[in-house]
Amino acid sequence: MIEQIIFYFFAAILIISASMVITVRNPVHAALFLVLSFFSSAAIWLLLEAEFLAITLVLVYVGAVMVLFLFVVMMLDINLAPLREGFTRYLPVGILVAVLMLLFMALIVSSDSFNLNQAEGIKHAADYSNTAELGLILYTEYLYPFEIAGAILLVAIIAAIALTMRKSKTLKTPKPEQQVAVKREDRVRLVKMESEKRDT
Amino acid sequence: MTITAELVFIVPEITLLVLACIILIADTLHIEKHATLTYWLAQIALIVIIFLVLIDFPDESKRLFFGNFVSDSMSGVLKVSICAITICVFFYSYDYLKEHELIKGEYFVLGLFAVLGMMVMVSANSLLTVYLGLELMSLSLYSMVAMHRESQTASEAAMKYFVLGALASGILLYGISILYGVSGTLELPALSAYIEAQSGNNILLVFGLVFVIVGIAFKLGLVPFHMWLPDVYEGSPTSVTLFVSTAPKLAAFAMAIRLLVDGMGPMAGDWQGMLIILSVLSMAAGNIIAISQTNIKRMLAYSTIAHMGFFMLGIASATQLGYAGSMFYVMIYALMIMGAFGMVILLGRKGYEADNLDDFKGLSDRSPWFAFIMLILMFSMAGVPPFIGFWAKWFVLKEIIANGYIWLATVAVILSVIGAYYYLRIVKLMYFDKPQQMTAIKASQEMRFILSLNGLSLLFLGFMPGALMTLCIRAIGY
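Taken in order, these protein sequences are the chains called A and B. Under my numbering, the first residue of the first sequence is numbered 1, with each subsequent residue one higher. Under my numbering, the first residue of the second sequence is numbered 1001, with each subsequent residue one higher.
Note that these hints are calculated values from the structure, not bench results. Heads up, none of these hints are tricks.
Only pairs whose alpha carbons sit at most 25 Å apart, straight line, appear in this in silico DMTMM-like list of lysine to aspartate or glutamate:
hint, chain 1, residue 1, chain 2, residue 2
1, B, K1033, B, E1353
2, B, K1428, B, D1358
3, B, K1434, B, D1365
4, A, K175, A, D186
5, A, K172, B, E1032
6, A, K172, B, E1150
7, B, K1062, B, E1196
8, A, K175, B, E1032
9, B, K1098, B, E1150
10, B, K1350, B, E1446
11, B, K1442, B, E1101
12, B, K1062, B, E1006
13, B, K1104, B, E1446
14, B, K1160, A, D77
15, B, K1033, B, E1101
16, B, K1442, B, E1353
17, B, K1062, A, E141
18, B, K1104, B, E1353
19, B, K1350, B, D1365
20, A, K172, B, E1101
21, B, K1062, A, E147
22, B, K1434, B, D1358
23, B, K1033, B, E1099
24, B, K1160, B, E1150
25, B, K1104, B, E1032
26, B, K1104, A, E177
27, B, K1033, A, E177
Only chain B is shown next, with the shape it has when bound in the complex (with noise of 0.2 Å):
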C-alpha cells in the first residue's frame, strides 16, 4: 500500500488535528466570557471523531506507516471509550470552570490535543509512536494542570507533574534505548520476533525492560512510583483531577499491551514478577494509606493506585483473557472515578471546593437523589455486587486464579475488604451523620443529568456485564 491509500486508516487522528487548530482559531477570534463556542465545538469535534472510528471500524489488524501505526479491534475499542469519557468530562469541566471563573478556550483545546496523544498511544505500534503520543498527552495535561495560575496549589501540582513526567520519560527512553541498541529495531512486532528468535537469556532485553516497566509505573502511578500521584489529584482544580483520571488512564493501558504484549510478549515470564511485585505494593499502600485520608480527592488517588494495583494483576496473568479483564476494569473504573470527582464538582460553588470528607456528611438530607448516586459509586468501588465495580474485580480474579496464583487472588481480596472501609465510610457520612450546612446544591440542568446517568449506567451494567465483557474479548482477540 502507498502512503496515500494508508491515509484512510488515520482519517481520525487526521480529523481531530485539524479540528483542534480550526477551533484554537475559532476561539482567538471569537473572545466571549464563557468561551461557550469553544466548548461546544470541542464537543461537536470529539462527536465526529467517535463517528469517524466507527464507520471505518477496524476488524482486523493491519500495520501501516512502515509499522509505526497499527489499526485493531482494540485501538478501535478504546479510542471511541476515549472519546466518549472526555465528552462526559467536558461536560463536568464546563460547569466547574465556569463556577469558579477559571474558563478559557485553550483548556479545551488542549484537551483534544492530549486526546489526540491518547489516540496515537491507542494505536501505536513502533516504540517511537509509543513514546511521541505520551509525549503528546503529557504535555496538554501538564499544562491544564498549571491553567489555574492564582492557586498555588496548582502551580506545586503542575510543577511535581511535571519534573516527575519529565523524569518519567527519561527513564521510559532510556530503556528504549537500550532496546533499541540490541534488537535494532523500533517496531514492536520486530522486537517480539528478535526476542523470541534469542537463545537463552538475554539480561541486556531485561535490563531495558526494567527501565520500560519503571516508566509504565511511574505513568500509572503504581507503587513505589507513585508520589505524584496524590498531591496533583489534590492540588489541580477539580475539572483537571477528573481529566487526569478517567480517560489517560485508558491510554496507559494501551501503553502497557504494546509495550509488554506486543513489543515483549516472549519476555512475559520475566515481566509477570515484576508486575506482580508492583500489584500487590500498590494494593497494599494504597488501600491502606486511603483510609487515614480527610480530603476526598487525596482520598480518591489512593483509591486509584490500589485499582492501578488491582487492574495490572490481569496483565500480569499473561492471558489473552487476563487482558481483556484489565482493559473490562479500567474502562469500568474511569466510568466510576468519573463519578466520584463529578461529584465533588457537584457539591461545590464558587471559591468553595467540596474536597473534604466532611462536606457529604448528611447529604441524603440535602439532597437524597444524589446521596444516592454516590452510594453507587462506592459501592461500586468498593466492588459490592450487584454493582459494575464487583465483576471488574471478578474478572481479573478468575483469571489470574485459573492461572494457578491463589495466594495473589487472596491478597487482592483481602486488600480489597480493607479498601472497602473508606469507601463505606462516605456513604456512613452521607446516610447517618448531621449535615454540617444546608446550602441547595447549586448545578445546571445537564450536569445533573449527565451525573446520573453516569450513575445509573454502574447499576445498569452491574446487571449485564456480559455485552462489555464480550466487547473486550473480543477486542483483545483481534
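Isolated chain A, as found in the complex (with noise of 0.2 Å):
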C-alpha cells in the first residue's frame, strides 16, 4: 500500500515535470524540470530494486549531463521567437495527429494484453547486490553489444572533435611547443648603427 503511494507521487511529479519541460518558456527552468523528472523516474527505478540504475541516473544524467545541458542553454543566446512562429499555425494539426495516434495506441494496447496481472515483482533478501548482478551480466551475456556500445561512444567522441576543431589560418591560437623552443635569436635582434651626428 505505501509502495503504491510512493509511487503514484512520484510518477505524478514526473508526467507533471516532463510537460513542464515542453511548455515553459524559459530554457533553464525547462532544463531543471528536466532535472525533477529524472529524479523522480530515478526513485521510481528504487521502488523496482534498480538501485544502481537509479544512483546511476542521478550521478550522469542530473549530476553530469544537465549541468553541461545548462551551461549550454545559458552560453548560446538563442532567439526563440522565430522557432515558435509556426507553432500556433501548425497546433491544429498537430493535436489531431497526437489525439488520433493515442486512441488507436489506446486501442489496441491495453494492459490486459501484457498479461501484467500475472507478473509479480520478484523480491530478493537483503544481502542481494544488484550492482553485482549487473556487472556479471554486462561482462558476460551482454559482452558483445557492451563493446558496440564503447565503439559508439568513441565514434561520437571523434565526429565532436572533428566537427568542432577548425584549424583556421585566422585563428591566433598559441603553439606551446614553438614557444618553448624559442631561441634568443628569434625574438631579439642586435642592430649595430652608426651613431649620427646631430644637426646643430
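Grab the two chains, each in its own frame, and use the hints to assemble them into the complex.
Here's what the structure looks like:
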C-alpha cells in the first residue's frame, strides 16, 4: 500500500515535470524541470529494486549531463521567437494527429494484453547486490553489445572533435611547443648602427 | 563454446575496430595536407578485413555470444561486398575531397567505423545488436555529412538527416520494446519461436511489427518516410552522398532480413501486405517525381526511392528465392549508383559541382569514353537488357509472379517504364545536345580506371548474371 502511494506520488511528479519541460518558455526552467523528471524516474527505479541504475541516473544525468546542458543553454543566446512562429499554425494538425495516434494505440494496447496481473515483482534478500548482478551479466551475456556501445561512444568523441576543431588560418592560437623552443636569436635582433651627428 | 573460443568468429570485427583506432592515432600524429597516409591505411585495413572474412568463410549458421551474433553465409557475402564497395567509394572520395579541399583524416576513420556498424548489423542475431549496429553506422554517417562546415546546404542536410534519423531510431526502439515486452526475449530466433508457438493472432505483436517496419522504411527511404532522402543527397558533399547511397543499403537489406525473416518469419502474412504498400508507393512517387528534377543528385535520390521500392518486392514475396533476388538487386543497385555519383565527381572540379543535368549536355563531344560509361550506367538503371539492371529487376519480378502477384508485377513494370524516361533523358542530353562548356575533364588516372571498371563490370555482369545469382541463393539458403 505504502509502496503504491510512493509510486503514484513520483509518477505524478514525473508526468507533470516532463510536460513542463516542453511547455515552459524559459529554457533554463525547462532544463531544471528535466532534472526533476530524471530525479523522479530514479525514485521509481528504486522502487523496482534497481538501485544501481537509479544512482547512475542521478549521478550521470542529473550530476553531469544536465549541468553541461545548462551551461550550453546559458552560453548560446538562442532567439526562440522565430522557432515559435509556426507553432500556432501547425497546432490544430498536430493535436489531431496526436489524438488519433493516442486513440488508436489505446484501442490496441491495453494493460491486459501484457498479462500484467500475473507478473509479480521478485523480492530479493537484503544481501542481494544489484550492482554485482548487473556487472556479471554485462560482461558475460551482453559482452558483445557492451563493446559495440563502447565503439559508438568513441565515434561520438571523434565526430565531436572533427566537427568542432577547425584549424583556421586566421585563428591566433599559441603553440606551446614553438614557444618553448624559441631561441634568443628569434626574438632579439642586435643592430649595430653608426651614431648620427646631431645637426646644430 | 566458451567466450574465448567464440572470439575467432568475430576476428574481422575486432581487427577493424583495432585498425580504425590505430589509424586514428596515426592520423593525429602524422599531420599532412592531404591525409594521404590515413587514406592508404584505411584502404589497406579494408583489404585486410576482406581477407579475414574470406579465410574463415562461414559456411554454416552459428549463433554465438549468447545469441547476440550470428555467423552465416549471408553475413559473409555481405561483409565482403560492403568492404569492397567502401574501397571503391574511398577511391572516388579521395579525389573529390582533395579537389574541393575538404580532406580530413577523420573522414576515412569515420568511414571505417560506419563499416564496422554495417558489419555488426549484417551479423546481428538479437534486437539489441541490430539497433546498436544501426546507431554505430548512422552516427558515423551523420558526422560525415556535417563535415563540410562552410556549406550551408551540407549543415542543413546533416541536421535533417540527424533529426529524422533519431526519430526513426526512436520509432524502431519503440517497436523493439513492444516485441520484447510481449515475448520476453531479445534474441531473434527465440522471438520467431515464440511467435510460432502463439495460437491465433496476437495484436500486440503486430503493433510492435508496425513500428519496426516504419523504422526500416525510414532507414531505406521508402515512401511515405522518404522526406529526408532528396535533401540529404543534394546537400551533402558528393563523396558522402556516394557513401550514404551504397554500402549502407546492403546493411539495411540485412537489417530487414534479420528483423523480418529471422525474427518475425512466422508473421510473414502480416508484413507482406505492409511491404507491398510501401513498395508500390515508393516506386510510384520515386519514378514520377524524379522526372521533374533538374539536379542530378536529387534525381538520383528519387531514383533511389524507386529502386528501394522495387527491391522491397523481393522481400515481400516471403520466399528464399525472393530474398536472394532482393540481395542481388541491392548489390547491383549499389554498383550502379556508385558509378553514377562517380560520374558526378568526375565532371566536377575545384569550386564547382557538376550536379545539374545541363552539365551532362554534349558529354560525348567532351569525352566519348565516359559518355559511354554513363550510357551503360543509365541503361542499367533503367533496366534495359542485356545490362545487369535488367536481370536484377527480372529476378525480383519472376519471384513475385511465381507467388501469384501478377497485378503487382504489372504495376512494377509500368512504373519502371515511366522511370526509364529520366534515365534515357540523360543519354539524350549526352549524345544529342550541344555542350555548354568545353573544359577538359580533370581527374586522376586511378579515378578514371576505377570508374571505367565500375561501368564495364555492369556490362560484363549483364552477360553472365548467373554466377552472382547463384552466390546470392546459396548465401540466403545458409
